[in-house]
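Based on the provided sequences and hints, a complete structural model is requested.
Listed in order, the protein sequences are those of chains Z and Y. Numbering-wise, the numbering used here puts 7 at position 7 of the first sequence, and it's gapless, one number per residue. Numbering-wise, the numbering used here puts 76 at position 76 of the second sequence, and it's gapless, one number per residue.
Think of the hints as simulated: they come from the structure by calculation, not from any bench. The structure displayed is predicted, hence computed values, not measured ones. Just to be clear, a hint being listed does not mean it is correct.
Claimed, not checked - Each pair of labels, with its calculated beta carbon distance range: (1) Z:G322 <-> Y:Q275: 29 to 39 Å; (2) Y:F347 <-> Z:F216: 53 to 63 Å; (3) Y:V278 <-> Z:A182: 23 to 33 Å.
What the hints assert, rightly or not - In silico BS3-like pairs for lysine-lysine, Cα to Cα no more than 27 Å straight-line: (4) Y:K332 <-> Y:K198; (5) Y:K150 <-> Y:K300; (6) Y:K274 <-> Y:K300; (7) Y:K108 <-> Z:K277; (8) Y:K311 <-> Y:K147; (9) Y:K324 <-> Y:K309; (10) Y:K150 <-> Y:K121; (11) Y:K27 <-> Z:K326; (12) Z:K41 <-> Z:K326; (13) Z:K41 <-> Y:K266; (14) Y:K324 <-> Y:K246; (15) Y:K198 <-> Z:K277; (16) Y:K324 <-> Y:K186; (17) Y:K283 <-> Z:K277; (18) Y:K350 <-> Z:K326; (19) Y:K332 <-> Y:K184; (20) Y:K27 <-> Y:K266; (21) Y:K332 <-> Y:K283; (22) Z:K277 <-> Y:K121; (23) Y:K121 <-> Y:K147; (24) Y:K54 <-> Z:K41; (25) Y:K246 <-> Y:K274; (26) Y:K27 <-> Y:K186; (27) Y:K266 <-> Y:K246; (28) Y:K246 <-> Y:K204; (29) Y:K147 <-> Y:K324; (30) Y:K25 <-> Y:K108; (31) Y:K147 <-> Y:K108; (32) Y:K332 <-> Y:K311; (33) Y:K355 <-> Z:K277; (34) Y:K184 <-> Y:K350; (35) Z:K326 <-> Y:K198; (36) Y:K25 <-> Z:K41.
For every residue, glycine included, the Cβ atom is placed at its ideal position computed from N, Cα and C.
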Amino acid sequence: MMRVELVKRPQHSALFSALSPFIALGLTLVAGAIMFSLLGKNPLETFYYYFIDPLREMWSLHELAIKAAPLILIAVGLSVCYLSNNWNIGAEGQFIIGAVAGSILPVLFPQFQSWIVLPLMLLMGMAGGAAYAAIPAFLKVRFNTNEILTSLMLVYVAQLFNDWLVRGIWRNPQGMSFPGTAPFHEYAILPEIWPAAGRANWGFVFALVAAVAVWFMLSKMLRGFEVKVLGQSPRAGRFAGFSAPRMVFFAFLVSGALAGLAGISEVSGAIGHLNEKLSIGYGFTAIIVAFLGRLNPLGIVAAGLILALTYLGGEAASISVGLSDKVVRAFQGMLLFFVLGCDTLIHYKIRLVGTPLAKPAEA
Amino acid sequence: MRKTLLSLAAAAAAVALGTVAAEAKVKACFIYVGPIGDFGWSYQHHQGALEAQKELGGEEQVELAYLESVPEGADAERALERFARSGCNIIFTTSFGYMDATNKVAGKFADVKFEHATGYKREHPNVATYNSKFHEGRYVQGVIAAKMSKAGVAGYIASFPIPEVVLGINAFMLGAQSVNPDFKLKVVWANTWFDPGKEADAAKALIDQGADIITQHTDSTAPMQVAAERGIKAFGQASDMINFGKETQLTSIVDNWGPYYVERIKAVIDGTWKQQDVWGGMKEGHVVMAPYANMPDDVKKAAEETEAKIKSGAFNPYTGPITKQDGTEWLKAGEVADNGVLLGLNFYVKGVDDKLPQ
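The structure is reproduced here in structure tokens:
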């Protein structure tokens, strides 16, 4: 009997660390080419629509920024959580509550129209997301609850709460009984960065600023050192005088605030009103983005853009060569599989271990 | 690596340029909220698209493009813009949630015609809306249910409390009451359009509460299969689901979009396309009943008579006297409901054994 084991490499090659994403891309292209050929599509043409066509025109680059912005914002926050060993799986819920909290002003006080509304909405969105993330943090610190479970469960609570609001008390009275709030007034809309060229809004700028700020914090500030020490060795952190419970709150609040900002930016920027279709899994996809970017905020920017490109490219390929959406998703899965697989093999090697046959139990 | 990528790109560009086929007369594009293999809503729209292409002269005349499972938010707007820029002449957006995106993109591309299904906003002259009176079919189902049910109780699996679904529930109830005034209708809100697991659970719960006829306003075939296992009768949804319940399906409301798609794409070819708001029903051929099956001849006859009455335009299911669930009068005898009220309907008629989620 042979067993496959992953064994940690004593040190990993810097060369292969740098090459790994490209090797992964190459493997994805080979596997994709095989799949597309089997489906009777021309692989080169398909790749062209996937990776080049969406980048050819300005409007499409704006769309890339729209799709990537929430993924990057959320993933940057999650990197702080995961580096400090706090497993926040509930960013989707924090995203929704951020959107709801940020929508309070335009929905409940539509007469309050001033330039101050939008900044307040963004702050309330961040506060809402952070407050919602504080629940699993509190439960973890106070009762030692598993934050993976509590944060995940709170996603469903948030989804149903939002659903209840937009079908019930927040429903647009002019909306023919369909779910969704009334459209936001103009002061509550997040402006586009460069309206002449496309519809990307300031959410993308927030994402870049957040990425640089968190990168600076993680790599240049004592707080960043604290995050990593407590993540890798809580005992060592205690000797250094760092407080683990305070770190739990810090990580969850940062990540909740950024997810909340992503939520209100999506609602006031890309959609223009609060509705029940808001939650399409950005908070979960961002987990992939965080790891794809190796938990480095700058890597996350690249990862977010690449993942967004696979959505846009998949769409372009669907329209132009007639790929079904199942194939598009399978191809996206291949890319993630190869990237994460290659990264794993930088740190680990595969060893085949022969094990003796199990002895029959003694009678 | 970089060199390979560049040459790959160049090769791909060459391929792309080489494949520009002879221009069809019109490019019709469809955006679907689900997969075309759902055997329900999106499947029927796609069947209509294929029918239109075939009817109007095949691929040389009508080029089709479509996108499946497009979420109804920021993604829809992008998908529509890509469609508009890729040379679509007419774009059908086949779900309510695409309403704002359709109108936004239509404002930017005045030469492209947009057709939005089930919505009510037409903010630009190049946006038309269309919908079908599915509730006409549900009235016929109600008549059949009341005649077939031994318990006098039917179970209704509903998706979301939007006017169209409420309209269907009420029409079913009114049809049943026209046969048996004491008929009871139980409703379970599945809060999904397509989730076979949840829909099956809803069907089981309704049967356990005494319903011996199941009908659904969700898109999967799961409730039909549960009804078949339990040996009771059921109605299909959106498409003819007889293959999922050969001895179970009484009939099904088939969404027949083909005639409308033929007409509208042809209008683009002929240059006669105009903005409109169409709410077609049995009369226009947009709502079709699947063959009546698994019922005695007298029930079949009653169903056919009801269908004929609605189809001829002689009868509107929403004709008074109708009392609201709370006991107040809605329509006086002979009074016909206003379409505007129906399209925003948010209350039950008397006899529905459920509280409408508000």
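Results for each hint:
1. Z:G322 <-> Y:Q275: 29 to 39 Å: Since the Cβ atoms of Z:G322 and Y:Q275 sit about 30 Å apart, the hinted range of 29 to 39 Å holds.
2. Y:F347 <-> Z:F216: 53 to 63 Å: With Cβ atoms ~57 Å apart, the hint holds.
3. Y:V278 <-> Z:A182: 23 to 33 Å: 27 Å, holds
4. Y:K332 <-> Y:K198: 39 Å, violated
5. Y:K150 <-> Y:K300: With Cα atoms ~17 Å apart, Y:K150 and Y:K300 stay inside 27 Å; holds.
6. Y:K274 <-> Y:K300: 40 Å, violated
7. Y:K108 <-> Z:K277: Holds, at roughly 24 Å.
8. Y:K311 <-> Y:K147: Judged against 27 Å, a Cα distance of about 21 Å means the pair holds.
9. Y:K324 <-> Y:K309: Judged against 27 Å, a Cα distance of about 24 Å means the pair holds.
10. Y:K150 <-> Y:K121: Not OK: Y:K150 and Y:K121 at ~44 Å, beyond 27 Å, violated.
11. Y:K27 <-> Z:K326: 24 Å, holds
12. Z:K41 <-> Z:K326: 15 Å, holds
13. Z:K41 <-> Y:K266: Since the Cα atoms of Z:K41 and Y:K266 sit roughly 30 Å apart, the hinted pair is violated (cutoff 27 Å).
14. Y:K324 <-> Y:K246: Violated, at roughly 37 Å.
15. Y:K198 <-> Z:K277: 19 Å, holds
16. Y:K324 <-> Y:K186: 16 Å, holds
17. Y:K283 <-> Z:K277: 34 Å, violated
18. Y:K350 <-> Z:K326: Since the Cα atoms of Y:K350 and Z:K326 sit roughly 45 Å apart, the hinted pair is violated (cutoff 27 Å).
19. Y:K332 <-> Y:K184: Holds: Y:K332 and Y:K184 sit about 23 Å apart, inside 27 Å.
20. Y:K27 <-> Y:K266: 11 Å, holds
21. Y:K332 <-> Y:K283: 25 Å, holds
22. Z:K277 <-> Y:K121: With a Cα-Cα distance of about 18 Å, the restraint between Z:K277 and Y:K121 holds, given a limit of 27 Å.
23. Y:K121 <-> Y:K147: With a Cα-Cα distance of about 40 Å, the restraint between Y:K121 and Y:K147 is violated, given a limit of 27 Å.
24. Y:K54 <-> Z:K41: OK: Y:K54 and Z:K41 at ~23 Å, within 27 Å.
25. Y:K246 <-> Y:K274: 43 Å, violated
26. Y:K27 <-> Y:K186: Since the Cα atoms of Y:K27 and Y:K186 sit roughly 45 Å apart, the hinted pair is violated (cutoff 27 Å).
27. Y:K266 <-> Y:K246: 37 Å, violated
28. Y:K246 <-> Y:K204: The hint holds at about 19 Å.
29. Y:K147 <-> Y:K324: This hinted pair holds, its Cα atoms lying about 23 Å apart.
30. Y:K25 <-> Y:K108: 23 Å, holds
31. Y:K147 <-> Y:K108: Violated - the C-alpha atoms of Y:K108 and Y:K147 are around 53 Å apart, more than 27 Å.
32. Y:K332 <-> Y:K311: 23 Å, holds
33. Y:K355 <-> Z:K277: 24 Å, holds
34. Y:K184 <-> Y:K350: 10 Å, holds
35. Z:K326 <-> Y:K198: 22 Å, holds
36. Y:K25 <-> Z:K41: 24 Å, holds
Consistency note: the structure conflicts with the earlier hints numbered 4, 6, 10, 13, 14, 17, 18, 23, 25, 26, 27, 31.
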